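Asker: Sequence:
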Amino acid sequence: MKILKKIFSGLFIGLDKGLYYWDFGLMSAVAFVVIVTVFLRYIFNIVFNWTEELIIFLFIGTTYFGAILGVKENEHIKISIAKDKLPPKIKIVVDILISCINISVVVITAYLSQ
Numbered sequence: 033m034k035i036l037k038k039i040f041s042g043l044f045i046g047l048d049k050g051l052y053y054w055d056f057g058l059m060s061a062v063a064f065v066v067i068v069t070v071f072l073r074y075i076f077n078i079v080f081n082w083t084e085e086l087i088i089f090l091f092i093g094t095t096y097f098g099a100i101l102g103v104k105e106n107e108h109i110k111i112s113i114a115k116d117k118l119p120p121k122i123k124i125v126v127d128i129l130i131s132c133i134n135i136s137v138v139v140i141t142a143y144l145s146q
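Using the working numbering, you'd call the opening residue of the sequence shown number 33 and step up by one each time.
Careful, some of the hints might be misleading.
As the list claims (entries may be wrong) - List time: in silico PhoX-like cross-link candidates among lysine-lysine, alpha-carbon distance up to 20 Å:
no., residue 1, residue 2
1, Lys-49, Lys-38
2, Lys-110, Lys-37
3, Lys-49, Lys-104
4, Lys-104, Lys-117
5, Lys-123, Lys-110
Treat the hints as calculated values from the structure; they're not laboratory data. Quick caveat, the model's predicted, so the values are computed rather than measured.
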């Protein structure tokens with residue numbers, strides 16, 4: 033059992049680092065493509081239409097992977113003034129309730145977006 037725990041721990045650490053570097057790479061690509069596009073457009077008067085779509089897709093990818101990292105590190109935006117004053121056992125119940133509401137909103141949004 034300890035061997036499996038060690039293997040999965042190493043796997044998750046590797047995935048976490050890989051996700052961080054992937055997100056960093058996407059954001060670097062966004063910055064690079066924007067700079068090159070602006071430079072080509074205003075200095076050489078050359079316009080590539082596909083770069084705008086590429087920037088949009090790269091930025092969407094950056095947003096999604098950044099959200100994954102934020103949720104993993106529990107760094108997403110939240111207002112916890114009232115929850116911080118609750119007893120620990122009630123906090124657990126409130127956390128479960130909030131998670132259920134979040135899952136419901138995601139499922140409804142996914143269902144209605146089709």
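Asker: Taking the hints in turn, state whether each one holds.
Answerer: To see whether the hints hold, each was checked on the structure:
1. Annotation: proposed proximity of Lys-49 to Lys-38 holds, straight-line Cα distance about 17 Å (limit 20 Å).
2. For the suggested pair Lys-110 and Lys-37, the alpha carbons sit about 32 Å apart, so the restraint of at most 20 Å is broken.
3. Of the supplied pair hints, the one linking Lys-49 and Lys-104 holds, its CA atoms being roughly 12 Å apart against a limit of 20 Å.
4. Between the alpha carbons of Lys-104 and Lys-117 the distance comes to roughly 24 Å, so the proposed pair goes past 20 Å and is violated.
5. Distance hint between Lys-123 and Lys-110 is fulfilled; the C-alpha atoms sit about 14 Å from each other, no more than 20 Å.
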